[in-house]
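Student: Sequence:
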Amino acid sequence: MKTSTSEGKHGIQWTYRMQLDDLDFADDLALLSQTQQQMQEKTNSVAAASAAVGLNIYKGKSKVLRYNTACTNPITIDREDLEDVKTFTCLGSIIDEHGGSDVDVKTRICKARAAYLQLRNIWNSKQLSTNTKVTIFNTNT
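At position 61 of the sequence shown (counting the first as 1) the number is 62 in my numbering, and the numbers step up by one without a gap.
Quick caveat, the hints were computed from the structure, so don't treat them as lab data.
All residues carry an ideal CB built from backbone N, CA and C; glycine is no exception.
Careful: at least some of the hints might be erroneous.
Label-pair restraints from in silico Cβ distances [stated by the list, open to error]: (1) T133 to E84: 45 to 53 angstroms; (2) S126 to D79: 55 to 63 angstroms; (3) L66 to Q14: 14 to 22 angstroms; (4) V86 to K107: 15 to 23 angstroms; (5) T16 to V106: 22 to 30 angstroms; (6) S126 to G100: 42 to 50 angstroms; (7) E81 to L21: 20 to 28 angstroms; (8) R18 to G101: 52 to 60 angstroms; (9) D79 to V104: 31 to 39 angstroms; (10) T16 to E98: 46 to 54 angstroms; (11) Q20 to C72: 15 to 23 angstroms; (12) R114 to A49: 29 to 37 angstroms; (13) A71 to T133: 51 to 59 angstroms.
The calculated BS3-like cross-link candidates involving lysine-lysine, where the alpha carbons are at most 27 angstroms apart (straight line), are [as the list claims (entries may be wrong)]: (14) K134 to K112; (15) K62 to K107; (16) K62 to K112; (17) K87 to K127; (18) K112 to K127; (19) K64 to K87; (20) K64 to K134; (21) K107 to K87; (22) K127 to K107; (23) K62 to K87; (24) K60 to K87; (25) K64 to K112.
Please model the entire structure based on the sequences and the hints provided.
Tutor: What follows is the structure, given as structure tokens:
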């Protein structure tokens, strides 16, 4: 996959001297590009490299998230448009079209609050010592 995603300068500027072309995970790939045309070229390259070794890209799970662009031309694989989304979750983090982390942080706070409130009876118990409550709290770290 490395050769299919890093041909040329089609990533995003990561540092002064480096571009980030893609993010690789166990069975996922997040392609990064500055323009729609570059993204389409990169998508075509990955699809061709995958097909050459007998792998199929599941188009139903493939998504496009656009950031800071007015271009709405579709990204396609085998002439099939990939779905445009406003947000998606990657490795437990919510990524949105605005590029910030506000939605992700709010979601994590809500999940923590819900987990804490599920143990409300323990926290409010007069029969359990503070040490026992701290031990229970620390069991999930």
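Student: Which hints from the list above does the structure break, by number from lowest to highest?
Tutor: Hints 8, 10, 12, 17, 20 and 22 contradicted; others consistent.
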